[in-house]
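Could you slot chain B onto chain A? The hints should help.
The residues making up each chain are set out below.
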Amino acid sequence: MAINKESNSFTFGFAIALVVVIGVVLALLSEGLKPYKEKNVRVKKQLDILSAMMDVEKEGITRENAEVEFKTYVNLDDALILDSKGNVKKGKEGKDAFDIDIKKEYRDKTLSEEDKNYPLFIAKDKSKKKRYIIPVVGKGLWGPIWGYICLDDDMKTIIGVSFDHKTETPGLGAEINKAFFMDRWKSSKISDEQGNFMKYEVVKDNSGAVKGDSKIDGITGGTITSKGVEEMVNRTLKIYATYFQNKKS
Amino acid sequence: MSTEKGSEPLFSKKNKKLITDPLTDNNPVTIQVLGICSALAITVQVNQAIVMSLSVLFVIIMGNLIVSLLRNMIPSRIRIIVQLLVVASLVIIVDQVLAAFLPDLSAKLSVFVGLIITNCIIMGRLEAFAMGNKPWPSILDGLGNGLGYGAILIIVAVFRELFGSGTLMGYSIFGNSLPGEESGLYTLGYQNNNLMILPPMALIITGIIIWVQRTRNKALIEEH
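In order, the protein sequence lines correspond to chains A and B. For the first sequence, the numbering used here assigns the number 1 to the initial residue and increments by one for each residue that follows. For the second sequence, the numbering used here assigns the number 1 to the initial residue and increments by one for each residue that follows.
Honestly, the hints are just simulated from the structure, not real lab data. In this text the structure is predicted, and so the values were computed from the model without any measurement. Treat the hints with caution; some may be incorrect.
Unchecked claim - Below are the BS3-like pairs computed for lysine-lysine, each with C-alpha atoms no more than 30 Å apart in a straight line:
1. K199(A) to K45(A)
2. K139(A) to K108(B)
3. K108(B) to K103(A)
So that you can see chain A by itself, here it is in the shape it has in the complex (with noise of 0.2 Å):
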């Protein structure tokens, strides 16, 4: 062969030929499946959303149907946007609460306070009682902790939650997205009589966690993230609170 494989020139060559083919072929992989990742992103929001107020599985709604059913439950030109004092957001469209980033917004150091952004889905459920859905997002011990909270239309009691998170301990931290401990929350009111909102309080030992307590028993081997999921919910129910209570007043 002429070419002497070994020569500068050669090496040269043949790492820049390599990389443009792999560069160019991951390239095209990546535009080909955008639309798939985006609508899986989107259907399991869908999920984590319906899956506060209700039992999705029990009702069938799987990742292929989740589009539409989650219509039928939530209606996006009712939701709002809060700042972070509990007003609503002025010049900003309800609609675009779902497109909403707030694990970005959370994680943004540059973002000040007042331009965060707090959605809240207004859903009815079955039986087409009205209900409030709260994001919430926060850290856990190894990365972002997240979930959904479903308001009564008495706009303090806990219908549900759901928690998820990326990278917790499996068996200990990674536990918060199991419905037993998802169910510890049900029934708990996130604020008194005057709509003054009350802490939640993740205890060790369950001592007086009675269901429908404000004070949840924790996770065992899985305290970090146990109160981050308190951090994270007491963070944010409280701009929450302050809303529904202007609301009533």
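For chain B alone, kept in the frame of chain A given last:
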């Protein structure tokens, strides 16, 4: 280097050995003790172990094939970088395809798919085998090693999921373990072993497999 000319049957004795060896006496995990990192990380559930095995299988076969096809062109000074590039691209392909079509599993495997790049078995096979062999034996070598890796992964995962969570592929085996609504074995006081879920247990189970294997075949025990 395999230099035999002419038509060797596709599944000659030598080629068959390429598949069967890594499954038994030359298993990449238990004998060469490679790829342990992922064996620890994603053997909590059988489902994850299966998808991880399939992903590695795809990457190792395709990687072996591509490197084997290029083996006479790759400049030896940058061969490791070229191998790494090939592996990394294949892993990105797997990651993207999983994210697009199996989003739930993709979320669970999360970072571990990306870590296939660092799986020593793959780089090891590319460097030790594919660089010096024709495409077909390379594919078989990849298949054998991928299956050998997957077999151990799944065996470990079966133990960990069964005794750690009381399920297999997500289905309850021993009954319902939820406090207050126990059924099956749990009513008798049986408890899931939380230690099985933690990474050290994967190491211990892998160690037991290595022990059993070497006890059965003394030839595998190193002299020194």
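Looking back at the numbered hints, which does the structure fail to meet, lowest number first? Structure breaks no hint.
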